Amino acid sequence: MTSIVKPPSPAPPWEDLSLTSQPEPDQLDNIKAQLDLILLALEAIAGISSEAMLQAAADLGLESVVADRVSLWRLRQSSPLRKGQGGRKKLDVDEARALSLIVCHLAKQHNELVRRSVALLEQLAEQNKEPHQASLLGNYLDAFHNTYQERMEDGETVPTDILTHLALKLLIDLLFYGSQNGVRRLWLTLLERSIHSQPAHA
Amino acid sequence: MSFSNSVTRRYTPPTCTLEISAKDSPLTRWMGRSALKHLRFKLSFDDPRVSEDRWITVRGDRTQIESLSQVVTTYVQQFLSQSTALLNAAHSGTPSNLSQSATASTLSVLSRPASQDADSAETNPARISIQPSGILSHELFLGTLATEASGASIRLSAVQLADLASVLDEYAADVTALPNLNRPAWATPQWTSLAATALIAVGLTASVLRMLDRSSQTQTVATSSQGASSSDQRLAVQPLPSSPSPSPSALLPTAPPPLISLNPPAPSTTTAPSATGTLPKITVLPAPPANSVPVEPPPGLTIQPAPSGDRPYLVSPVPNSLRAGSAKRSAPNSSAASQSAAEERTAIAPSSTNGTNRADSSRSLDRDSTAFDKIPQVAEVRQFFQKRWQPRPELTEKLQYIITLNADGSIRNMDALNQAAGDYIDRTGMPPWNEPFVSPLKGRNSAVIRVVLSPDGTVQTFLQSGSGQ
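Keeping their order, the protein sequence lines are chains C and F.
At position 84 of the first sequence (counting the first as 1) the number is 122 in our numbering, and the numbers step up by one without a gap.
At position 263 of the second sequence (counting the first as 1) the number is 282 in our numbering, and the numbers step up by one without a gap.
Keep in mind that a hint or two might mislead.
Pulled from the structure, derived: some chain F residues nowhere near chain C, Cβ distances all over 12 Å [to be verified]:
(1) R68
(2) A184
(3) P412
(4) T477
Pulled from the structure, derived: some chain C residues nowhere near chain F, Cβ distances all over 10 Å [to be verified]:
(5) L66
(6) L92
(7) L98
(8) D132
(9) L151
(10) R189
(11) E194
(12) H203
(13) K207
(14) I210
(15) Q218
Listed below are several chain F residues computed to face chain C (Cβ distance under 10 Å; list not exhaustive) [what the hints assert, rightly or not]:
(16) V95
(17) S100
(18) Q150
(19) I154
(20) T163
(21) S169
(22) S172
(23) S176
(24) Q179
(25) A181
(26) D188
(27) A191
(28) V194
(29) V471
Treat the hints as calculated values from the structure; they're not laboratory data.
Every value quoted in this text rests on a predicted model; they were computed, and no experiment measured them.
Idealized CB from N, CA, C, for every residue including glycine.
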């Protein structure tokens, strides 16, 4: 009798995010910093609170890694860019994965909004206008700047232009992270050993 | 013709539309998801924010869409990685080039040259590439997908790029497109048809016996020289559904031949059937139209392996002779030979080193030549291409296609017979599927025409078969 081969069940998202070896310390620093900032971008564009992030963790079955506000804060606080050098600075791979999944889940949820924002940005750019001229973007940039300055060690010293550039770039990135293959894309970005100079913080 | 199993898919993100047109492969059941062959795609950049007269459409085949996917994926990844660099640069004592105006359209800082390995003909045969122009704008160079209407490149905004990436992801997740197997140039469809029906004529007995021979070897199925086809052939080892007797018009897929024609894997020494485990029921796959040539061959037709192998064996309904054949075949074959040997079983082609088939081949060639222009469509097809086909001095071989016509004169199916033909498909002026391009057929439901385009610009067409089923 025929044996029907069943289609392989879709691999859980974890399967995609395999690591052959532990990331190097500076790579991990990068990962922490990026994840924290991408979450910051999500907060700034969609008004996402810790509640929403925790809810996402619950939806994804990640409560064991991200159990409550405190653990979420600590994970994000592990970013080397953050103020307050005391406290937990470690982020292990599972935690990084969890945060990545949360990021993409949220990005997907808010994909319409992100898309609208980027489209608006494109429109303004074509008209040679500054992004702030659209309130959606203006609000986003303000929120990003303010939150960044509040939380980050170099918040006061980073040039505004750079920050704006970063904010807009992350906004566009969210468009890709909220797509079907977003998790893989994010993970690859995080793991990539990019050209970078030594971070200013030690 | 037997049932149509055309498959079309449509993916419609807001700023582009991808349509796939293909044939369902019988291998779908083994691959766990849709396996398609003869894939053609149509990608329309139809952003509603842009006026319709600026919408661009490109078309292509499996190779091109895979190229495009590859390029887009790599480019998107590079794009995203820029944020890492940006982040680092921002926090490491800013170099002066970062303090620029943040006007989005001029944000070209850290836009890396996106020239990947776009120039390698192997990794990027379609010569598609994307170059950034700031973070909001990306120039997609269409390579072989370019048309007069599209121009060499299209500018994509961030949103459009994201949609393109996601549509290609969706397609990739949805579909496995099988490559067309390349057949040696001398394996004309005429021989394919003879081979196909020879195998069908042989029927279950032969395949069962072969299965017995091979059942001890299934563990050692070697990977043949061609990736996808080898796995497909291996998959074909699995038990097949038993189907009712194959109709005379049951056609073999272009993709790896049906179960009966397994690759001889590693050197086999078994000749006696071994009772290993389950004896699967083997049937000829109820194959969808492939090259559509269901001509009944004379029984006892000899199948020759490729020139590099030299173990002919007889295909006939008689088990004993088959077993003898298997025994002969059990000598070691190189993988290339086994690959082509597999091909031979569906495409009985004369080996250039063996003369015993010559009589057969010349007989059928004669049949072919007297069939030239037998129906008016053969001439119409020729004229169609003569208007479009230009001399191509860079070509070193002729391009050969098999076109199957529907009754209304549209193309039902089209196959490229050699690699160059596949590569050049968009430069031949090949009309799209399902649009009538010659007059309707009279007195028959289909016709198969072989088109030969020469580098010097000449066009030849031959009626292959198509006897009205």
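Outcome of the hint check:
1. R68: At about 7 Å from chain C, R68 (chain F) fails to clear the 12 Å cut-off, so the statement is violated.
2. A184: Violated, since 7 Å does not exceed 12 Å.
3. P412: Correct as stated: the minimum Cβ-Cβ distance to chain C is 42 Å, above 12 Å.
4. T477: holds (47 Å)
5. L66: holds (13 Å)
6. L92: holds (25 Å)
7. L98: Nearest chain F Cβ is 20 Å from L98 (chain C), so the label holds.
8. D132: holds (21 Å)
9. L151: The claim stands: L151 (chain C) keeps its Cβ more than 10 Å from every Cβ of chain F (closest is about 13 Å).
10. R189: holds (14 Å)
11. E194: holds (13 Å)
12. H203: violated (5 Å)
13. K207: At about 5 Å from chain F, K207 (chain C) fails to clear the 10 Å cut-off, so the statement is violated.
14. I210: violated (5 Å)
15. Q218: Nearest chain F Cβ is 5 Å from Q218 (chain C), so the label is violated.
16. V95: Constraint on V95 (chain F) satisfied, holds at 6 Å.
17. S100: holds (5 Å)
18. Q150: Cβ of Q150 (chain F) sits 17 Å from chain C, so the hint is violated.
19. I154: holds (6 Å)
20. T163: violated (25 Å)
21. S169: violated (21 Å)
22. S172: Where the cut-off is 10 Å and the nearest Cβ of chain C is about 18 Å from S172 (chain F), the hint is violated.
23. S176: At about 5 Å, which falls below the 10 Å cut-off, the nearest Cβ of chain C leaves the hint on S176 (chain F) intact, so it holds.
24. Q179: holds (9 Å)
25. A181: holds (5 Å)
26. D188: Holds, because the Cβ-Cβ distance from D188 (chain F) to chain C comes to roughly 5 Å (cut-off 10 Å).
27. A191: Because about 9 Å separates A191 (chain F) from the closest Cβ in chain C, which is inside the 10 Å limit, the hint holds.
28. V194: V194 (chain F) check fails; min Cβ-Cβ to chain C is 13 Å, beyond 10 Å.
29. V471: V471 (chain F) check fails; min Cβ-Cβ to chain C is 40 Å, beyond 10 Å.
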